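Colleague: Sequences and hints are given; from them, build the entire structure.
Chains as they are written, first to last, in my numbering: chain A, 15 to 443; chain B, 132 to 446; chain C, 81 to 339.
If you are wondering where the hints come from, they were derived from the structure by calculation, not from laboratory data.
The model shown is predicted, which means the values in this text are computed figures rather than measured ones.
No residue lacks a Cβ here, since even glycine has one placed at the ideal position from N, Cα and C.
Check before you lean on any hint, since a few could be wrong.
[Said to hold, decoys possible] Reference listing, derived: stretches of chain A covered by chain C, where coverage requires no fewer than 3 residues with Cβ under 8 Å from a Cβ of chain C:
hint, region
1, 84-94
2, 222-232
3, 236-249
[Stated by the list, open to error] Computed spacing ranges between beta-carbons, pair by pair:
hint, chain 1, residue 1, chain 2, residue 2, range
4, B, THR404, A, LEU114, 35 to 41 Å
5, A, LYS104, B, THR404, 29 to 35 Å
6, B, THR404, A, LYS161, 43 to 49 Å
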Amino acid sequence: MKVVVHLLRRHWLWPAAIVAALLLPFAFFDWAHGHHSGFVLVLLSQIGLMTIFALSYNMLMGQSGLLSFGHASLFGLGSYCAAHAMNAVKAGTFWLPTELIPLVGGLGGLGFGILLGYLATKQRATAFAMITMGMGELIAACALMFKGFFGGEDGITTDRVLGTSILGVSYSAPWQVYCLVVAWTAIATLLMRLQTQTPLGRMANATRDNFERAQFVGYDPRMVRFRQFAASGFFAGIAGGLYALVYQIVTFDTMSADTSAAALLAAYIGGSGSFYGPILGTILVVLLQSGVSLLSNAWMLYVGALFVIMVMFAPGGLAGLISRHEPIRRIGRLRALLIPYLRLLFPGFITVAGTVILVELTSFATIGSAEGQHLQIGARSIDPANGMPWLTGAVVLVVGGVWLRREARNFGVRWNMLIEDAKTKWTRP
Amino acid sequence: MEVFVVTLLNGLVYGMLLFMLASGLTLIFSMMGVLNFAHASFYMLGAYFAYSVSTHIGFWPALVVAPVLCGLIGAAIEMYGLRRAHRNGHVAELLLTFGIALIIGTAVEMGWGMMPAPYRVPSLLDFPLFAIYGTQFPAYRAFMLLISGAMFGAIWAGLKYTRLGLIIQAALSHPDMASALGHNVPRVFTFVFAAGTALAGLAGVIGGNYQVTEPDMAVAMGPVVFVVVVVGGLGSLTGCFIASLLVGMVQTFSVVLDYSLADLLRLGGVQVTDTMPFNELLTMSLPRIGPLLPYALMLLFIAFKPRGLMGTRDT
Amino acid sequence: MDQAVNHAAPNHPAIVLRGVRKQFGRTEIIRGVDLMIPKGERHALIGPNGAGKTTLFNLVSGRFSVTSGSIALNGQSTAGLAPHHINRMGLSRSFQITSIFPRMTVFENIRCGLLWARGYGYSSWRLLTSGRAIDRETDAVLEKLNLAARRHVLAGLLTYAEQRALEIGITIAGGAEIILLDEPTAGMSRAETDAMVTLIRSISAGKTLLMVEHDMGVVFELADRITVLVYGEVVASDTPGHIRANPAVQNAYLGTGDN
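Modeller: Below, the structure is given as structure tokens:
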């Protein structure tokens, strides 16, 4: 009992996060009619399963230094496996608790991870990236060929109300599925976190840092890559299994290059150098995808631009940016950055607004008009053919940009001063 | 027989188109170590630029303007993006080009809409050049061969007979020498990158009205070009050429040859029935599995000949 | 076959090179080297730049394969073996350019050096939580290296001399019987070099040491025997006193006697 209390106190963040996740949908609860917002539940479920997917991706990118462009194959194949399992259970072919369906996905992902990984991990670095891309394309091409397994263009539909729950839950309601997603997300995240502290996890880091040195401590870098790849396939498959449960249909979208790209973006933007980075990235990317895509046709442009900016200026991602504050936090001078950040905020906002105005105008001028949409801000309709909005947008962008540049320089000066301070006051970690 | 000759010619056309793309990619990759994920995006840009210039001015100016625009954009990306990302390693450079590909993809959608652009073969070239066994061979395809052949010749001559070409040749197989040579290496890199993207743009100009000019072009063409690079091997333009033709032929012939493994077995007297295991696989016709053949080829090479056909270096 | 030989003559020399040649394209870098290093000897490999010393190291450690000739470690041939197999046979090496795990802590760097040797393998099950024997061993190595105070620092942030020491640490942590050190004191000050010499002496006690060095002071302090390599060939292989007096060596390499 004492051990449990001690563990809870040291790692209080975990149960706190789980509780927060379970409480969050209630912020959007429709109290008048007494039910949850279906949209919010599905969105949060998506965040949950994508978190597992992005974390599994980071087992390759951040932990092992392996850039994969075909990770969605493992996700999708796991998803198809789970869907078939669900249909088999429904048909009475065998019995499996609904709660363990994601495990079927995981085993499918593991199996294919071993199969595909055997070839892919023969190489590393850029060659590995090319192989995974080819594999991803190959499997996506197979989707329309093997109708039995992939169900052709329509995919495989399934029904999650299997009646085999060991908790006696029907899973007909999105809320029940969401709880299952939260549970699996917590379990998968915990397992992946623990895996980083195993010999394989440590050597994956080592092989990433220096594969020759890894050889000279007795490890075969190829075996390390191979096993790490298979393990990441297992977790990607779990995410796929949850996908099948949540959406009850699996199409070849799940194996597409876009899905692989989503994992890459989420993991990188969040910060591939830290374990929790991909979680941040997933939340951001899914919110952008679901939220911004409702308002704008150009959401991919924004994500792409954000990604490029991060690659050039903040390769450590959001987590990296946060951890850069650590030295300053340790000397207790974080508050000194408050005003500089606020001074950045306003011009930053204006610059972004200017960019958004121009991008959206372009978007509505071409895509929007083709689809008969009109740019509306509030009640006013804005005509992209008119020159004024363009001029406004350009002016806002330029003004914001110039101001931002000046404030960024000031911020940089302040930042360097604080970092120097931190270095001198804290010579020993 | 007639089918064979016609398909052979078509395969040649497509293979040369692939070579225009793959040669730029191989040059950039071999010299700078950067896998330009956005290479096919420049192919797409070239097609779209050519379409816009064609509709407003004409096809022949487009043949010059579009590649130049692509080259300029490529130069800008190299100078302001890649050089900065280079500090953080090859992975950062690859990711940067990946991000650029995303941006170009959406920008094209926004700039020209999501429907295919009606980029047509210029009427001057829209006639059958000759007939083989009754099938017409369009003059435009001959034109494509002419342009791609001229390009290949120009690259070959440039590499062999100009000073810059010699530097590039050396750097292809021994990239570290590039720095030791004392030349303005950054400028050479910018030039190579811009030349590569301009070449991709030119391929887009002539390929855009041969295939369909649509926002998905880059995604459809991109992976196949990577297959060519892997199969051809690093550091060898000849290998790239052979691989381009090989992959081009494979893809073109697979569409035409409507046979399956079951047909092959029938020759040997074995009849494949519905109840046999793997019957779905055995009765699958070549056109149906066509899309995955290039990737299967790439995987075979990775497994058995990782250096590709004529590669001089490991990746 | 090898087993019988081992039983009959358990005192195989640690390293035996017979007629080793190495060609890169058309250039022959190593032109027929014969070398025999008995167990427990401290052996130095010296020679002018470009003589092929690092190439020889790469051949012995399995990074390159020989064009012809044979290399045997403790009586077992290393032909066709990958570097990690050779390492498991009991050979470990350091590199001319510091080769550590820069994004991991000093502690983890050393621990990685112990993982395979202590049988942890590729396990995805066993958790490396604190309190295990391997952690105590790691701490012991850190003490020897004088890096115990820096155990939580990322290896990439250490000073040059500290990184070189860490590199040695990773090399010997697993208990390899045959240690190859490639220019361990390169770029060091006098004081750092002296500290490194003391360290090398302590970690190579009872082990076989093969070392490439340019600092003659270090060589004459540590080596039991010295081999001089010039243009891929062995010019002399003898005790330090004889090497000093060897006129051919003096002409080719040592100059008029000053270091």
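Colleague: Can you give the numbers of the hints that this structure goes against, from lowest to highest?
Modeller: 1 and 6
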